[in-house]
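Start from chain A and add chains B, C and D according to the hints.
Residue numbers (the UniProt record's numbering), protein chains in the order written: chain A, 1 to 74; chain B, 1 to 291; chain C, 1 to 468; chain D, 1 to 431.
Simulated from the structure, these hints should not be mistaken for laboratory data. Virtual Cβ for every residue (Gly too), placed ideally from N, Cα, C. Treat each hint with caution, since some may be false.
Here chain B is said to cover these stretches of chain C; the calculated rule only asks that three of the stretch's residues, wherever they fall, bring their Cβ under 8 Å from a Cβ of chain B [claimed, not checked]:
#1 29-40
#2 44-55
#3 63-75
#4 107-114
#5 117-124
#6 237-248
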Amino acid sequence: MVKARKGTLLECDPAVKQIVQDLDNKKSEAGEKRFILEDLDETHLFIDPCEVEWLQKRLDEILEENTYRFDDVA
Amino acid sequence: MSCAEDINLLAVVVDTNPAAWAAAASDPDRPLDFVKIIEQLLIFINAHLSLKFDNELAIIASHADQSQFLYPLPPADPLDAADDEPSKPANVYKQFFDVDRAVVSKLKELVDDKRTKSAEHENRSMVAGSLALALSYINRIKRANENNSVQSRILILSISPDLPSQYIPTMNCIFAAQKVSTRIDVCRFSGRKYGGESVFLPQASHITAGIYLDIPEPSNLLQYLLYTFLPEPSMRKTLLLPHKDQVDFRAACFCHKNVVDVGYVCSVCLSIFCSLSKKCPTCQTVFPAPK
Amino acid sequence: MSSSAEVAKGVTNSIQEYLQSLPRQTFDQLYAQPATCLATLRLLPPIAKQVVMRLLYTQKPVAKADVEVWCFPDHRGDLQDSLSKLSRLHICTDYEEHLQMNRIFQENFHNALVGGGDHVSFGQPMNDNKGEVDIALLDRHAAESWETVLHQLVGTPGDRRPKAVTKLLLASGLQEFPDDGGYSETNEHQKMNITSKGFQFLLLDVNVQVWSLLLQYLGLAERQLNMDIVQVLNFLFQIGSLELGQAYSVEPLTDTQRRVMEDLKYFGIFYQRTKKSRKFYPTRMATSLTSGSMVSSRKPEDSQGYIIVETNFRMYAYTDSPLQIAILSLFVSLQARFQNMVTGLITRDAIREALTKGITSDQIITYLTAHAHPELKKQSPILPQTVIDQIRLWEMERNRLRLSGAWLYSDFTDLNEFTQIVNYAEPLGAVLWKNEKRRTLAVTEEGHENVKSFRKRAAAARAGGAGR
Amino acid sequence: MATASKPAAKVATNGATKKAAPPIDDEDSHGLMGASGQGYSWEEEYKRSWDVLQEDEQGSLVGAVNSIQMQMKRRRLNKDTKVVQRGIIRHLYLVIDLSRAMAELDLKPSRVECTLALAEQFVAEYFDQNPLSQLGVIITRDALAEKLTELSGNPTDHVDVIRKKANREPRGEPSLQNALDLARTSLAHVPAHASREILVLYASLTTCDPDNIIDTIDALRRNEIRVSVVGLSAEVQVCKTICKETKGTYRVVMNEGHFKELLFENIPPPPIAMAQNMSNLIKMGFPITRNFDPPTLCACHHKPIRKGYACPGCSSTICDIPTDCPVCALTLVSSPLLARSYHHLFPVDNYKEVIPGPPLPDVLATTATPLAGHCFACLQAFAPKAGASNAALVGLRSARYECGRCMNSFCWDCDVYVHEVLHSCPGCVNR
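So here's chain A without its partners, still in its complex pose (with noise of 0.2 Å):
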């Protein structure tokens, strides 16, 4: 039977995929509920909304911490 479900398409590089990944794994590893619903192709997740918010501030710190940075001028 056909199954329809609501969510939010993610679609991203898959460097970034790579890293939500990890978060997905990483909050599973602490006991709580996965948020990627299905990982369908090399670019796309399936997740869910109720994280979406979550996500994309974790996402922002992660990256954040990976970016080069010299001091600007004080």
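For chains B, C and D alone, coordinates are given in the frame of chain A:
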């Protein structure tokens, strides 16, 4: 740059030569009533102002012996000082009211002016002088709005015949207008007793890419004005408007005012003559005898 | 580059959209006021204005074919757009192949032009013999009031918090209550939070801000305050035609209109010397309301640009207004403040902070451009290209995720059914992602309903077919 | 003083002119201080422009900026307005030096770029102001002279060759004599009523000539050709001699702005010396426009045209005027083209600045004719001279200029506009 932001400046030059209008009023075929023409002109001017909040306006009367700004009024004009006397009624838009009042009262002043009654001024109209004022005013508005582009044009309502002595100033004005890409539109009345063919004005509109229109039916003036002369310059690429193909670029000779095909031009002062002579009457140069 | 023109267009469009949503009868009532006719005309695109002028003194209907040849062939499309706009605003009506101008509009616009008719739509002026109110005072009043509103929006502590302003800011979604609290009548001074929409609002041009609030007010007036929308609109269009510095009488106004005036006073649109005064003064904000392009191309002296941005991302702003500095600090890391200027750096962090608040790079660029110093405006483009590009890049690097609400269809038993649905949904633009091998399909939220009903129909047909 | 920093000028050709140009004496170089008030660009010190400005009492710069602007504008006025006979119909060869000396970078971005850019502007402006005149372009490099365009009245031809890349590469030595001889022979057949001129833009300090250049000067004089030179480096004796002998002008540029100024001084038609007055009545045709449907071929270029002119002499079809009819050789012009030159012949008199005297006692003030409160032409109000605070600003606004003939007052914006663009006094025209 979008043309929606441009400031549109319309300078209207109205021929108010009393003799010509008197003749026109008594024309058997197409009598012209000055008051009615001015009424229609005022509606047209209000229409121009209503198109955009920023639209600018100048009206100049080209009278028999002078040119006179009808709007805007010169600063510190007595009319301005007595501002609060006739308070604006609630059913008129302030801008329209100011323009109408200024034009009407200034015109009255002109008509009552006794000086113009003398015979020597008959049938003269200071179109060149009015153009010079209009261009100076346009120049001022352009300078005052250096950051915005100002689209300017001039509309001449003309009834008097050309004044040969004004040929050079008229042409100077035309070239000055061309330099700042100001179009000169001409709305010309002609009947049996007035108007007649003008040589200067078609050249003015041709050189500046303006519109020249002979009004065949003066009672419908307003429709002609709204159809042909209301669209601002930026609209001329969009709307189909009348244009005159054949423009007479022949010159009139300085000696007899005949229109010539082939003429003789003084190499020093460029005066045009219809026949050979020994001495140039304009610059007094003596020519060598033709070999 | 004319970003302010685009902004102006945006406002014009939103007013037009609002007007178009009104029923026909409302228009007939609206056009009974010449001032409204004049203001509506100024909202129209240039070709439409010319069409109106040409038809104004034509009594008989005009054949559409005749109107079409007014334009050069390559501009016919623009003409069609204009004509449809005219008919949506009920200025012109189509009768089959003919165009007929709305009689009421025709008559009253003519009245506006010649100053005829028995109406007071251009305001009843009053003599101000005492001469206490001059334009400078009005400008100051308008600027102060509006700044108070904006301060209230950003949440600067202050004591003047008129209810009308609070209500409108809330209704337009520029502010909201913090989640924990709730609205309570007793605590009016309760702190409200600015929303991301509010931040965006701050960066708009003043005229645009005024109009977007006024449109909210119109909505509010109709739904909650039970006001006659025609009277409100007529009043708004009327004040756009008044003259700055002139006193006008309150007498001809209706009760509704007086209430509107009362409400809008806090926004600096009017000035009244005392609350019970018989006259009111429109401020520059009022008189430029219907200035054609809405954003008057000529601004008063004091609202000239003050920002200079250099290619090295340094920003200098010649201002001492706490509000402007507060707005700038949204996306600039300010470094030093002098008596008449502040300096700062446009940094990645500052821009990122702004982006997290929901402000977009376009809004930042528009704001900087609109308020650029006249010296800077002489250049083209006005802002250094490097800065524009970098701000855009900073925005893009944040958006590495593209999210869209979706419904995921999976576990199709039958490839046929899958392709059937794909074929149905694809032309609708509803398919976000599909994989034939896995027989999985993601459709948009909007498309979901259609797809659902299509599946039902298909299932019914199949069932019917099978049953037969 | 100027030459001290430059190598001594040398003329490395034949004996007669082989002497170093004498250093310019101090008087002369002061004369060269352009109206812009700047010195030679290579002599300029590092300029601290902000030191020039001085704040007024209120700490505002408006006054200072305005007075600088006013100085700049003032110099534009006061042109010579005597009615003199001028050679309206001009034939001019523009000679451009394209030798190695042009590659120097003292003018920005380089001498050659600056020169060619200005030459383009010159061509456009020349035809705008001299519609009946013709122009040709000659370049000199590798000790040769090359004629790029024949004399013609079409600005686009000249601008096109100037823009061509091959014509923009400076190399070798220039040859002044070759260039002048080429121009001279090309001008020899020009009718006597037209003026013959050569304008040289010369960067090099030397010239590489095949023969004695003094002979060329004599030939130029015999042909009544006026040679003017704009020098780009230092003054060179031979150029000075040529210009003096042929009644031309010789000026040396100091910087880019001054270059343009000097070049554009050659745009108004030069006065005619009485001795060389070969005035004549010229037969000219005034063709009328015609539309052709279907298109027809023009007699001049054999191209199909829809709109053209018919020669009143022989009825052949011409595509553009002014030109000479290819069939009957009649000069074809239009009256507007003639009219375009009139303002050189009938210039507007300079306006006098009116300085309102000290305020008169009340009794007198009422009897004296009041000064107009606003500009006659544009209605701009004259600011009353009040208070000494930011006097420069007030001075700017209240400056009024009076036409000596119609006694009307004008603001200085209008003064400049009337003399530079309009060429008719709005007051006088209305009488």
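Hint-by-hint comparison with the structure:
Under the rule that three or more residues need a Cβ within less than 8 Å of chain B, the assignment of the region 29-40 of chain C holds, with 3 such residues. A stretch counts as covered by a chain when three or more of its residues have a beta carbon under 8 Å from one of that chain; for the region 44-55 of chain C and chain B the count is 6, and the coverage holds. With 5 residues having a beta carbon nearer than 8 Å to a beta carbon of chain B, the region 63-75 of chain C meets the requirement of three or more and the stated coverage holds. Chain B is given as covering the region 107-114 of chain C, and this holds because 4 residues of the stretch bring a CB closer than 8 Å to a CB of that chain, at least three being needed.
For the region 117-124 of chain C, the proposed coverage by chain B is satisfied: 8 residues have a C-beta within less than 8 Å of a C-beta in that chain, meeting the threshold of three. Evaluation of the coverage hint for the region 237-248 of chain C: fulfilled, as 4 residues show C-beta separations to chain B shorter than 8 Å, against a requirement of three.
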